[in-house]
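Peer 1: Sequences and hints are given; from them, build the entire structure.
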Amino acid sequence: MIKDYFRFAFRSITNRKLRSWLTMIGIFIGIASVVALISIGQGMEDAINEQFESMGSDKVMVMPGGEGGFGFGAFSADPLTENDLKVIEKTKGVDKVAEMFYKNGRVKFKDETKTILVIGLPTDESADVITSMEGFEAEKGRDLKNGDKYKVTIGWRFWNEDIFEKSVNLRNKLEIEGEKFEVVGLVKRIGNPQDDAQIYIPIEVAKELFDDDEISSIFVQVKKGYEPSEIAEEIKEELRDYRDEEEGEESFQVQTFEQLMESVSSILNIVRAVLIGIAGISLVVGGIGIMNTMYTSVLERTKEIGIMKSIGAKNSDILLIFLLESGTYGIVGGVIGIVLGLSMSLGVEKIAAMFLGTDLLRASITLWLVGGALAFSFIIGCISGVFPAKQAAKLKPVDALRYE
Amino acid sequence: MTDTIIELRNVWKTYPMGEVQVHALRGINLKIKKGEFVAIQGPSGSGKSTAMFMVGCLDVPTKGHVFLDNKDISLLQESDLAQIRGKKIGFIFQRFNLLPTLSAIENVELPMVFQNVLETQRIKKTKSLLKSVGLEERMTHRPTQLSGGEMQRVAIARALTNDPQVLLADEPTGNLDSKTGEEIMRFLHILHKKEKRTIVMVTHDKNIAKQAERQINLKDGQVL
Ligand SMILES: Nc1ncnc2c1ncn2[C@@H]1O[C@H](COP(=O)(O)OP(=O)(O)OP(=O)(O)O)[C@@H](O)[C@H]1O
Ligand SMILES: [Mg+2]
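Going line by line, the protein sequences match chains X and S. Quick note: the first sequence, position 105, residue 105 per this note's numbering, numbers continuous. If you want this note's numbering, it's the 1-based position in the second sequence plus 1000.
Keep in mind the hints are simulated off the structure, nothing from the lab. The hints are all genuine.
Among chain X residues calculated to face chain S with C-beta under 8 Å, some are:
| # | residue |
| --- | --- |
| 1 | 1 |
| 2 | 11 |
| 3 | 12 |
| 4 | 304 |
| 5 | 307 |
| 6 | 310 |
| 7 | 311 |
| 8 | 317 |
| 9 | 397 |
Which chain S residues stay away from chain X? Per the calculated CB distances, all over 12 Å, these:
| # | residue |
| --- | --- |
| 10 | 1007 |
| 11 | 1019 |
| 12 | 1067 |
| 13 | 1070 |
| 14 | 1072 |
| 15 | 1141 |
| 16 | 1145 |
| 17 | 1147 |
| 18 | 1150 |
| 19 | 1191 |
| 20 | 1195 |
A virtual CB, placed ideally from N, CA and C, is assigned to each residue, including glycine.
Peer 2: In structure tokens form, the structure reads like this:
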């Protein structure tokens, strides 16, 4: 029976093609934008999660600067020093510790000078705590090694794109803050434009060059079998004791990657909710379009309703027939919308990869998304049809039959 | 008494039209026996269609009682009336009243859809009915692709779908030329004589009314 009612619904929808298309445009624009946004949002979250995963969840980061309570802003910017590093190294559960230094520096290549982020990396075996996590590994040439002094490895865009007029190659010379460095390694692509436009030199050289011995951040490798979040607490306590600070007023931050991930995804979720909410408004408008069409349809088919009642249709049958018809508008609009939305998100993925060089913006296509969108569009269609269908159902058979 | 299938007992139907009340029926009494072929005759506005709708459970009287198969239907709810319509009554209208978006076969099927009949059974029945009215070649045609006579034959097939006890025909020949009208009348005679169906036909054409077994004359909402 339901099957027959669906057949009637299709019949009457295809019978008024232009009007049906106009009605469905409202729905499929709404569904398309919601689907595209969810798909991109989910894909972005997946990409970020993957990146964090590959960095290793067994790491803890320590950075200078307090979290800043309400109205206080950052507390005294007590920089992190070698001594703090030693304290962390001695904390229970800590396997390896690596420090990182970064600062913007003036970099000159063949008469051209640019401001570039210069990163100081350790050259001893602690270096791989950072490099494995951040992906600062050479694709051609080699990584920085113990004993390197005025050697530099360069980000992907230096050797593939035109940060400098000419692309930089192995054994080229770069002048950083007035000192000549030799390029020994070409770092593989990281995937986001900022990270791919930085250069790496030995940390001691960097501190000397910028005449600065602050540590920008400390990377901690947690020993196997220890919980990173517990070790983070330990480190916090030890550093607090050492620096003589009160709990809650630390001038440094200790974060596990899980926490970092959570804070990123919570921001992402807010942005996503707002965007989808806005797109949702167009769905409401689409629903109103269906409602309007259905009211017109009930009016036009008053006589038909009378005929159906005269041959035994109950009020509930008429209600169902019209509900399914408006539901069908929803579902057909939904199918088109899903196809459109997914093409849009795939397009965004391609464009992002091509022009922005990032793989962070990508489309996530799941059965759940497709099924959910389909069900949702059907429900919107049905809801929009409730009032028109009720009006149709309660028509008196005689009045409907006499209607011309 | 048991062979009375339709009885109207002092039936009134009043429509409120703003200030005034329109009395479409003023205390009608009539009985129709099982297997009878009755014509209800009368001028336009005399209340023929109103009376027929009442018999067909499409409407209930303002006052009085309507019995169908010894059951008082005057007090029933719409959903019960719909059930009775679907099972016991077959309608044939002046303007055929086929659904324009459905094919001949689907139109004939429709009453069975509302009775939850299985699809295989439906198709079998529909085909044999369309064949019996001589339309096996026109099954997939839409109403707009059929002539008036053909449409009325589809409507007759549709009226017979659920094997109703009573066939109600409101001016079945009113929209047809006399030759096609005769053809439709022949079908009604076959249904009456061979299948022993009860037929109530509304008409204002005396020649058509003459063909029934009995005539009932209405005027101003009353039986003459
Ligand atoms: N819904 C209504 N509201 C008001 N008056 C109505 C309504 N339906 C019918 N009437 C009136 O009731 C009277 C009987 O109408 P009915 O349709 O039964 O006449 P009829 O005998 O079938 O006429 P015709 O031969 O023209 O079909 C008419 O005067 C008509 O105007
Ligand atoms: Mg009439």
